[in-house]
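Since the structure of chain A is provided, determine the placement of chains B and C on it from the hints.
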Amino acid sequence: MEVLLFTVLTLCALGVLSAVVLYFVARRFRVEEDPRIDEVEKMLPGANCGGCGFAGCRGMADALVTHEDISALYCPVGGAECMNRVASYLGKSAPVKEAQTATVRCGGACAQRPRTNTYDGARSCAVAASLYAGETGCAFGCVGFGDCVKVCTFGALRMNPQTGLPEVDPEKCTACGACVKACPKHIIELRKRWPGNRAVYVSCVSHDRGAAVMKACKAGCIGCGKCVKVCPFGAITLDKNLAYIDPQKCRLCRKCVNECPTGAIVLSNMKPLPVDKVQVKE
Amino acid sequence: MKTFRKGGIHPSENKLSAGAAIEEFALPDVVVLPLSQHIGAPATPVVAVGDHVVVGQLVAEATGFVSARVHASVSGTVVAIEPRLNPQGIKQPAIVIRREEDQWAPEIDRSQRVVTECVLSGAEIIEKIRRAGIVGLGGATFPTHVKLTIPAGRKAEFVIVNGAECEPYLTSDQRVMTERSGEVVEGARLLAKALGVTRVLIGIENNKPEAIARMTEAAARYPEIEVVPLRMKYPQGGEKQLIAALTGREVPPPPALPIDVGAVVSNASTVLAVYEAVQKDKPLVERVVTVTGKGLKEPKNLLVRLGTPMSALIEVAGGLPEGDCKVLGGGPMMGRAMIQLDAPVTKGCSGITVLSGADASRQPAQTCIKCAKCVAACPMGLEPYLLSKGAQRQKWEALEAGDVTSCIECGCCQATCPAHLPLLDWIRLGKQTVSGMIRARAMAQTSRK
Amino acid sequence: MMNADKVKNLIVAPSPHVQTTQTTQSIMRDVLIALLPALLVSTWAFGWRVIGITALSVVCCVGFEYLIQRFVVRGASTVGNLSAAVTGVLLAFNLPVTIPWWIVVIGAFVAIAVAKMTFGGLGKNPFNPAIVGRVFLLIAYPVQMTSFATDAFTGATPLAAMKFSPVFAGAELGDLFIGNVAGSLGEVAAGALLLGFAYLLWRRVITWHIPVTIFITMALFAFFVAWGRGWTGAALWEFPMFHLLAGGAMLGAIFMATDYVTSPMTVRGGVIYAVGIGALTMCFRLWGAYPEGMSFAILIMNATVPLINKYVKNRRFGVK
Numbered sequence: 001m002e003v004l005l006f007t008v009l010t011l012c013a014l015g016v017l018s019a020v021v022l023y024f025v026a027r028r029f030r031v032e033e034d035p036r037i038d039e040v041e042k043m044l045p046g047a048n049c050g051g052c053g054f055a056g057c058r059g060m061a062d063a064l065v066t067h068e069d070i071s072a073l074y075c076p077v078g079g080a081e082c083m084n085r086v087a088s089y090l091g092k093s094a095p096v097k098e099a100q101t102a103t104v105r106c107g108g109a110c111a112q113r114p115r116t117n118t119y120d121g122a123r124s125c126a127v128a129a130s131l132y133a134g135e136t137g138c139a140f141g142c143v144g145f146g147d148c149v150k151v152c153t154f155g156a157l158r159m160n161p162q163t164g165l166p167e168v169d170p171e172k173c174t175a176c177g178a179c180v181k182a183c184p185k186h187i188i189e190l191r192k193r194w195p196g197n198r199a200v201y202v203s204c205v206s207h208d209r210g211a212a213v214m215k216a217c218k219a220g221c222i223g224c225g226k227c228v229k230v231c232p233f234g235a236i237t238l239d240k241n242l243a244y245i246d247p248q249k250c251r252l253c254r255k256c257v258n259e260c261p262t263g264a265i266v267l268s269n270m271k272p273l274p275v276d277k278v279q280v281k282e
Numbered sequence: 001m002k003t004f005r006k007g008g009i010h011p012s013e014n015k016l017s018a019g020a021a022i023e024e025f026a027l028p029d030v031v032v033l034p035l036s037q038h039i040g041a042p043a044t045p046v047v048a049v050g051d052h053v054v055v056g057q058l059v060a061e062a063t064g065f066v067s068a069r070v071h072a073s074v075s076g077t078v079v080a081i082e083p084r085l086n087p088q089g090i091k092q093p094a095i096v097i098r099r100e101e102d103q104w105a106p107e108i109d110r111s112q113r114v115v116t117e118c119v120l121s122g123a124e125i126i127e128k129i130r131r132a133g134i135v136g137l138g139g140a141t142f143p144t145h146v147k148l149t150i151p152a153g154r155k156a157e158f159v160i161v162n163g164a165e166c167e168p169y170l171t172s173d174q175r176v177m178t179e180r181s182g183e184v185v186e187g188a189r190l191l192a193k194a195l196g197v198t199r200v201l202i203g204i205e206n207n208k209p210e211a212i213a214r215m216t217e218a219a220a221r222y223p224e225i226e227v228v229p230l231r232m233k234y235p236q237g238g239e240k241q242l243i244a245a246l247t248g249r250e251v252p253p254p255p256a257l258p259i260d261v262g263a264v265v266s267n268a269s270t271v272l273a274v275y276e277a278v279q280k281d282k283p284l285v286e287r288v289v290t291v292t293g294k295g296l297k298e299p300k301n302l303l304v305r306l307g308t309p310m311s312a313l314i315e316v317a318g319g320l321p322e323g324d325c326k327v328l329g330g331g332p333m334m335g336r337a338m339i340q341l342d343a344p345v346t347k348g349c350s351g352i353t354v355l356s357g358a359d360a361s362r363q364p365a366q367t368c369i370k371c372a373k374c375v376a377a378c379p380m381g382l383e384p385y386l387l388s389k390g391a392q393r394q395k396w397e398a399l400e401a402g403d404v405t406s407c408i409e410c411g412c413c414q415a416t417c418p419a420h421l422p423l424l425d426w427i428r429l430g431k432q433t434v435s436g437m438i439r440a441r442a443m444a445q446t447s448r449k
Numbered sequence: 001m002m003n004a005d006k007v008k009n010l011i012v013a014p015s016p017h018v019q020t021t022q023t024t025q026s027i028m029r030d031v032l033i034a035l036l037p038a039l040l041v042s043t044w045a046f047g048w049r050v051i052g053i054t055a056l057s058v059v060c061c062v063g064f065e066y067l068i069q070r071f072v073v074r075g076a077s078t079v080g081n082l083s084a085a086v087t088g089v090l091l092a093f094n095l096p097v098t099i100p101w102w103i104v105v106i107g108a109f110v111a112i113a114v115a116k117m118t119f120g121g122l123g124k125n126p127f128n129p130a131i132v133g134r135v136f137l138l139i140a141y142p143v144q145m146t147s148f149a150t151d152a153f154t155g156a157t158p159l160a161a162m163k164f165s166p167v168f169a170g171a172e173l174g175d176l177f178i179g180n181v182a183g184s185l186g187e188v189a190a191g192a193l194l195l196g197f198a199y200l201l202w203r204r205v206i207t208w209h210i211p212v213t214i215f216i217t218m219a220l221f222a223f224f225v226a227w228g229r230g231w232t233g234a235a236l237w238e239f240p241m242f243h244l245l246a247g248g249a250m251l252g253a254i255f256m257a258t259d260y261v262t263s264p265m266t267v268r269g270g271v272i273y274a275v276g277i278g279a280l281t282m283c284f285r286l287w288g289a290y291p292e293g294m295s296f297a298i299l300i301m302n303a304t305v306p307l308i309n310k311y312v313k314n315r316r317f318g319v320k
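Residue numbers (my numbering), protein chains in the order written: chain A, 1 to 282; chain B, 1 to 449; chain C, 1 to 320.
Chain A with its partners taken away, still in its complex shape:
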């Protein structure tokens, strides 16, 4: 009994002693910091994704507090709501940025884009892309090893085993841009996010000539330019055999979708225009 008591007391004494030492050490070496940084950090989502350009939310909070003008700082995860809250707390004007979502601009699924060789190296898009054109005849398309999926901290990307392509869940995507940086083929783009996650975009990034595109992939943009002509808003441009829809000018009229001969212009969460309407136009 005596031994037990002695042990317990010794342990307690040790604990108290350590606490006292820790207390003084902590006081002695405390770093003076603006307490608002802690507060702002709490308001941020805490994902530490790096989407703002800082290593983590702490860095962003520090910048938000210390910078006079915070219009260049934006947390894509928290969005406008979060930024407004932080700005009003700090008494600064909130940065404005429209909502965006990651968009995978390659439609070269396994069925559309046959494999022409077998890659046998490390399963990484970056490694494969720095070695050669890729497993298909298209040197621009998705490599398919999911570097984008690996960097997504929000679980918004997944590889579709049927198509061999990554798919974005717009509900989970925070437009942090990690996948955009990770893709060695620069296929993923942050595009304006419409209500209901509606979207119209060219799902191809190939600058090859039409014949080469058609040989490699059934879903590629062949640069025919029909979409450019049909667009009533001048939102579509053609550069080096590739059409691009400017998300700022596009109004989702969908005329281009019906015009595209290869189906490279993709429509999501929207019904296509009735075909006869287009025919009337022609």
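The hints are simulated quantities; they were obtained by calculation from the structure and are not laboratory data.
In this text, a Cβ means the ideal position worked out from N, Cα and C, and glycines have one as well.
Warning: the hint list may mix true and false statements.
[To be verified] With beta-carbon atoms standing in for the labels, derived distance ranges:
#	chain 1	residue 1	chain 2	residue 2	range
1	A	Ser130	B	Ala41	18 to 28 Å
2	A	Gly210	B	Pro151	40 to 50 Å
3	C	Cys283	B	Arg393	35 to 45 Å
4	A	His186	B	Pro151	33 to 43 Å
5	A	Gly210	C	Pro126	56 to 66 Å
6	A	Lys150	C	Val319	28 to 38 Å
7	C	Lys320	A	Lys42	46 to 56 Å
8	A	Lys172	C	Val73	44 to 54 Å
[Claimed, not checked] Just a sample of chain A residues kept apart from chain C, beta carbon distances all over 12 Å, derived:
#	residue
9	Ala19
10	Val21
11	Ala122
12	Ala182
13	Pro195
14	Asn258
15	Gly263
Chains B and C alone, transformed into the frame defined by chain A:
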């Protein structure tokens, strides 16, 4: 017998074509001459579609200092100047010539006579090398005239001729040294004269006794030239390893260059090209290519005009075998796998190696058991297992601290790994990324100044 | 011209395109082969029970690894790489022949489940699993673990006899070499273990640095102790020889200190690690509570390996 001290491995030699004499390959009907067959800026075309050209005629001028000229390798008509697929399936601008006859530029001396006298000055020799568009033919394709232009404050003490050919399978240098030893020795003398150097070391691995004998014989009249047999070990043909093996000097880590220890290294085939350029006025229009592989019926050493489709070379060696195949530009340690066999032979193509059957595929990777074989094998004294893991986790700062930029991509680590991990795949990615970061930092610094 | 090849599905990978024929499995198989002579000598010395204990230990180690991998980790089976079998044999070699079977099972469980799989399996364990198993048993079941009396041998192991006798009476070095003494299964026949060492060197599974450094350190240590005690004549070399041949020195130095996972990555680091093992072993043997100290020495030095790996690096090429 000499060799380098640090690391290295002993892969199976497989020099299947070692006994095959160099054959002249049939003239191709069409040649494709990429504008970028060298390290540096792509050359600029100086001919137009429809122009008639003769062999050895300049078709593309070097763009800037670190660049190299391109010459017509056949006589005929320029039919296109357009992007063509390279062996890796990437489009690169090229000049396409349809062959008619075999007309050579008049100034080129095509006789077999070995010229030993040279009245040119060092600068004139270098200028002739530049005009001939010569680059390192061992595979690095660094323009030779740039290498010979010694930066201020440095001094060349040795000319080193790289005859190690440590890469398994490849025999092009070996055949060149065996069959054209006199010309290689003269080429080495020209390099020595161009640099004002009185010491020439020719390093040859001891698995090539005939080449050593011929070269020793050819160099006997010149006391300044020494042929040094080297104990076989990969990567002895690596520039830094060869210098260490021959002189005992180690080139400091990047950005230091071999010239910092007084050495200028040229591959044996390059030295032959230098001889032909200076003494025969012949630009770089052809080279010796080894076509080899266990699945090929007849491994060969072919003297090929640049721009010839590689598929034609494989065909003449017996065609691709049945089943799985991996076709490499170069040897199995450092060669690049190809997907476009119709791509042309370029200046840096020392061989085409066909791996077939079980050799074509990698074995499945297992987990690292910390056996440290990669650490022992690394000729640069790096820690491949850490660098590979760091690259996978994108710890670029840690990679930089681990001297990833010193990696020479020789592949010893991966070839020796019993877990068959893709170590170099990741390290190469890390090296590229870190090198990019370092360049970006340097740019930012200069722009700030 | 090459239409046939255009259709051909080529294989593509970054260089190098050469791989060693060695695999994790072949390495482990070589270790098992290298342990075979010692197993035979042990069977000759102690009887058939040796085979039974070894088989039980191997089956338990492999079984535990399989079950944990299957039901806890839920990953692909790893027993095929034979590392669990090696652990099993090494653990058995560290047990006396009279050991009850249930202690073997407990030892195997501690070695595999506690020392290996909790850290993530092969390649990630900081301590040598077989030694953790042995040390656990030595502390938990000291009586059973140190009962070496059999029909063939009575009394204590040579190290124990030495420990509790005040003077060095000389040793039958020949008996130690061929295994004609009491002791754990695998540590009795120095000659057979050296044969295994030669095999491992020939197969390039290990390098000589770690075992030889341990031997040299122990021999020098013993020599200076003998010299310091004022001994002269034959004892001056017999005492170091005795320490090399007796107990677990050979087994530990050749097969357990050289474990890839728990030894340093560089040759220089390995030498530092080996000197530590040799010196600690001698300290434990001469002044510790137990007659043998190899296992403790290896465990302690295992703990220093991350530190050694951090600070002892290979010289970079071109750096003085």
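| query | Looking back at the hints listed earlier, which ones does the structure fail to meet? | reply | The structure breaks hints 8 and 11; every other hint is satisfied.
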